Amino acid sequence: MTTMKSDEDKVVKLRVEDLTLIFGKRKKEALEMLEKGASKAEILQKTKCTVGISKANFEVYEGEVFVVMGLSGSGKSTLIRCLNRLNEPTAGKVFFKDEDITRKGNRELLNIRRFEMSMVFQTFGLLPHKTILENAAFGLELRGEPKEEREKKALAALETVGLKGYEEHYPSAMSGGMQQRVGLARALANDTEVLLMDEAFSALDPLIKSDMQDKLLQIQEKVQKTIVFITHDLDEAIKLGDRIMIMKDGIIEQIGSAEEILTHPASEYVEAFVEKVDRKTIITAESLMFPKPSLLRVKKDGPMRAIRKMQTEGVKFLPVVEDERRTFLGYVWLNDVLELAEKKEMSLEKALKTEVPSVYSDYTVEEMLPLISGNNYPLAVVDKQGGRLLGLVTQTSLIIEATRYGDEEVKQLIKKANKTNRL
Amino acid sequence: MSRIIDLGKYIEIGINALEENFSFLWRAIDDGISWTVDNLSELLLSIPFVVFLLIVVLLAYYAKAGKMMFKKEGLKKGGGLVAFVVIGLFLIYAMGYWEDAMCTTTLVLVAAFIALVLGIPIGILAAKNRTADIIIRPILDFMQTMPAFVYLIPAIFFFSVGDTPGVVATVIFSLPPAVRLTSLGIRSVPNDVVEAGRAFGATEKQILYKIELPLAMPTILTGVNQVILLALSMVVIASMVGARGLGSVVYQGIQQNDIAKGFESGLGIVILAIILDRITQSFANKKG
Ligand SMILES: Nc1ncnc2c1ncn2[C@@H]1O[C@H](COP(=O)(O)OP(=O)(O)O)[C@@H](O)[C@H]1O
Ligand SMILES: [Mg+2]
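Residue numbers (this note's numbering), protein chains in the order written: chain G, -8 to 414; chain H, 2 to 289.
Hints listed in this document are in silico derivations from the structure and should not be mistaken for laboratory results.
Since this is a predicted model, take the numbers as computed values, not measurements.
Everything hinted at is true.
In silico SDA-like links for lysine to any residue, alpha-carbon gap of 25 Å or less:
1) Lys78/H / Ala164/G
2) Lys307/G / Arg317/G
3) Lys129/H / Glu79/G
4) Lys138/G / Met218/H
5) Lys287/H / Pro119/G
6) Lys211/H / Glu125/G
7) Lys283/G / His255/G
8) Lys290/G / Glu333/G
9) Lys68/H / Leu118/G
10) Lys213/G / Leu195/G
11) Lys283/G / Glu250/G
12) Lys206/G / Gly54/G
13) Lys287/H / Val87/H
14) Lys206/H / Thr114/G
15) Lys206/H / Arg105/G
Could you build the full structure based on these sequences and the hints that come with them?
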């Protein structure tokens, strides 16, 4: 099998190409209108057909949580149901591991549903006449696995979702959150590579919902499935999604990480959608920092060179790194370096201030804010592995980012920052 | 008034043609039903009354008490019906109608069985296929509104006098609830459960047997209950074409103006009806 590779060298598990789904009788006519650029409303008026999805193109990578988000009626369910062909696409292709699912025969399709993809539903979809254990084993039962074997697997899955001891209960005796755990266990018991979750947590009340999200992340850390997760809740999308796809009226508006979508919304629609989010918890050092800052190498660059560099750049300090690996060491200040030069010192080391905080690129604004208070230099962003200097986050950019939402505490910081030097 | 269309005439021609061209079929049905009725009633009569009573008592008790059979609550739930069964069956026996009652029971069971064997698959078809549903619906309405006596005419035409035309007329009369309730039961299975099955790779057969039928079972069992009661309500009418049992005793009572006979056998039918109804109803409720 050849494996599909994307630009970033990730393995593509699912690839959707020009996928279109039209509900109604006069599909051909509707499809032609769509080709000519007619809108969903026009098509509905003229052909009485509803455009569920309109020429969707996207990829889902192996091991990621791919969130599909949009308002009710935007075509999320229709889309996810095309992935295992519970809905029959009108046009376009769905590739699963390089094979076009839309061209599979009945038998192959059954096998894909049995062995490759499992699904979790908003309304749980449990069988009321079966026990929790039998429900969790149901996918395996459909596959024809012997009772003993499937119950062993189902038991393990129930344990994973934290329902050990409830095997003999019936669904009707359980709360919504617990029923959905059974739904999740049923999907996990099948041990498929892909998990399709259609608003799996939307019917749960907020506390239980948050609990289930944590549980899912915790499980995902262990099992590393490829998950397509549908939600209309932006907070949920941000919490769970490695990447988020935003849909409107069957059209994909944007695909990207939560941060990309927040910092560079592709349309007004997306912008309106993401407006309410607390950016402090999402924007990270990576998008705030300016990369490749001027720096000094601790061995190679002596005081004279440091002075010249600071003067040409018009700054009062510079970050210092270790020569080869570029590991961040600290800052030197102009005053200190001038003193060294007077003393004819050859090395910067004596002027180096190492007692400064540094952050990783995935630190959020919220996490970085406490680190800048009282300082007059930027935060160094370093590599998690080698401590290599990646960039600098200035206090001003941090505070601007944070104050968009008018936090009292942050306003105080602005005052302080105004007094300090700009880099 | 002069007639413009002679519809009855065409029906008659049609039935004649059916009778002549498919005589082997009617013969086979007649033989099959007669054989089953004869043997089953013989079997029931070969069981001593006391043993039979005990079996029905246990069945009634189990139907009512279920898992609580061996507990005090079980006695509370099943006690009433058990008492009724004992008194009722003993009364029939003591009045001297045991043989007739067994004959009636046989006819009812055979007719109900055939009605269910035909009705449940038709009900499944009606639930799954819109076209079939559109065709079946008016036929059922027709069957239910037609006076029961009318079924006797073709039945006796195809099968001559005896148990068979009685059973056939009873089957036709009691078939509709089997179809209707099966179809209703399957159509009211929540869509998300069926979808879940489909998403996990269930075949149509697996969806029917593992999801739809189990979930529809309480409704289908209600259908079974109704089929049996309708079949029992036909026994007097069926006796007009020669079916045996309590029904024919009632019929004789009417013809001979014998109030005692009519009352006793009528009471016997009521007792059977109550016992069959309560037992099947309990099974239906328990599944729900
Ligand atoms: N079976 C169907 N027949 C006709 N229209 C449908 C059907 N299912 C969904 N739709 C329409 O397709 C659009 C997308 O629906 P859906 O995928 O359920 O949206 P979402 O899951 O995002 O709420 C809606 O306009 C909906 O009315
Ligand atoms: Mg939906």
